[in-house]
Amino acid sequence: MPRSSLLELEDVEARYGQMRALHGVSLEVGEGELVAVLGPNGAGKTTTLRAVSGTVRRSGKIAFAGKSIARRSPEAVARLGIAHVPEGRGTLSELTVAENLRLGAYTRRDRAAVREDTGRVLAHFPWLGERSDQRAGTLSGGEQQMLALARALMLRPRLVLLDEPSLGLAPKVVAEIFRIVRELNERDGLTVLVVEQNANLALDSSSRAYVLEAGRVALEGTSAELRRNESVRRSYLGY
Amino acid sequence: MLFAFDWTQLAQQTVIGLSSGGTWALLALAIVLIYRSTGVINFAQGEMAMFSVFIAWSLVHHGLTYWAAFFLTIAISIAGAIAVERVVIRPVEQAPVLTVVIVTLGLLFVVDGAARWFWSPETRTLPNAFSTSPITIAGVAFSWQDLGNIAVSLGLVVLLWGLFRFTKLGLALRAAAVNPDESRLLGIRVSWMLALGWGLAAGLGAVSGMLTAPALASFDQNLMQPVLLYAFAGAVLGGIESPLGAVAGSLLLGVFVNLVGTYVGWIGTDLRLPVALAVILGVLLVRPAGLFGKVSARRV
Ligand SMILES: Nc1ncnc2c1ncn2[C@@H]1O[C@H](COP(=O)(O)OP(=O)(O)OP(=O)(O)O)[C@@H](O)[C@H]1O
Ligand SMILES: [Mg+2]
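Protein chains in written order, with my numbering: chain C, 1 to 239; chain Y, 1001 to 1300.
The hints are simulated quantities; they were obtained by calculation from the structure and are not laboratory data. Here the structure is a predicted model, which means the values were calculated and not measured. All C-beta atoms, glycine included, are put in the ideal place defined by N, C-alpha and C. There's no promise every hint is true.
Ranges between beta-carbon positions, derived for each pair [said to hold, decoys possible]: (1) Y:Ile1102 - C:Arg135: 45 to 53 Å; (2) C:Gly24 - Y:Leu1244: 50 to 58 Å; (3) Y:Phe1166 - C:Ala170: 35 to 43 Å.
Partial chain Y-side listing against chain C, Cβ under 10 Å, derived [unchecked claim]: (4) Ala1175; (5) Val1178; (6) Ser1183; (7) Arg1184; (8) Leu1185; (9) Gly1187; (10) Ser1191; (11) Ala1195.
Please construct the entire structure, taking both the sequences and the accompanying hints into account.
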């Protein structure tokens, strides 16, 4: 079980119009943890992240740092320090790389610290500095994913929600992205909730994981436990 | 010389064209700002600008100087448009584009009706913003009014460009217009950005109107109708998606119709608008996205 819990979902439901996508999801992310969410297509992984960030109609208990955020707008949730990197990477396509990064810190007023963070982020992604004037919409998929991560860091977030960072990317790029995410988690203590279909990668990187199926949590445990679990191995790890 | 060409006249007429083109450019920019953020042409933009001119007229009538009224009117117009957006447009924010179009058409009639109800239908004048005496540059006489109009229009365009290019608020306005869902996740209050866009557009329209009115012998509630047509034509010519295109398109159009009106005898002043529209049709046949517009190459 997590240390002190930063994010707590209890019995969360979410719907698109009349269609219910989550049927009572409960999960928890502790301060400083890297937690993975696995599951087949349509299981509700994306919807779970959306429920947290407020981009889908939801009900149930959602607490962040002890405060309920179940009724807050996406803008308000972001202002609490939750950076949601959505499916599709959330690129501000018409803006340049530098402008994307600047808007990552949109809600912050501490200018000096923002400058400092820009330097630290560019240290993780040095190529972003050379491309600072390029329009973000013209970057490759992998570059956009890294930009999305870099922009999320500009919020100086307390929690990062990462939705399928590997989607459509070459294995080498995916490995690099996960290396950076792990490094941020281990070295800087960044708390991450990552959705990932690549179960091998997800279980390798995370300390705990949840398996969603049809809008419910089917399994949960430490990543090591889940690796040994018979049905996880058969359905997701392929051996 | 047999074919002595009157360069003085060409220079004078070009400046006059830039002067009216500049006032059209401001209204064109207003239209493009709203179009980019909502995909809707605000048909009430011209009438809102007309309303602003009447506010300015009332302020001057109560003893303010032109420039005091000018700045106060801009402030009132921005605040008023934000309020209008919150009350009239916000409820239909998620509605189909056609619904919003119809709402702006309704707004056109409401604003027009209100202006006719508040202010009697007599004709009015606004004092000149600039000296009426001519100024001679390199032996050619220009009017201060035209040079002033050009300076104010271009100054405002540069100011706005700086806002959108360099300030965090401007970046947020641009991001919210093109990627609203993504912007929300960054904490940008997208809905308020739309309202602010309405405010800025109304401010631009107000300036356009307040530069247009003094140049007329007198004006009434119809004063912005031709300006709106030219502005719309300029925006389409430059590319309705492109703010700088709208400015360039309006300036080009201003110079073009003025020169054609001057040098092609049978066109004169009456046929300017049809000629302008014909040229635009021709341009759009060759370049559907306008002179400066990119054929939509957005990645989704
Ligand atoms: N915008 C939407 N409108 C209607 N239904 C939706 C929408 N987004 C998702 N759904 C439905 O909600 C359910 C959960 O979708 P969700 O996107 O959360 O799944 P997922 O686990 O992220 O899947 P994937 O691995 O394919 O991304 C699915 O049945 C999906 O069809
Ligand atoms: Mg998904």
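Evaluated hints:
no.	hint	result
1	Y:Ile1102 - C:Arg135: 45 to 53 Å	violated (35 Å)
2	C:Gly24 - Y:Leu1244: 50 to 58 Å	holds (52 Å)
3	Y:Phe1166 - C:Ala170: 35 to 43 Å	holds (36 Å)
4	Ala1175	holds (5 Å)
5	Val1178	holds (5 Å)
6	Ser1183	holds (7 Å)
7	Arg1184	holds (4 Å)
8	Leu1185	holds (5 Å)
9	Gly1187	holds (4 Å)
10	Ser1191	holds (9 Å)
11	Ala1195	violated (14 Å)
This entry does not satisfy hints 1 and 11, going by the numbered hints stated previously.
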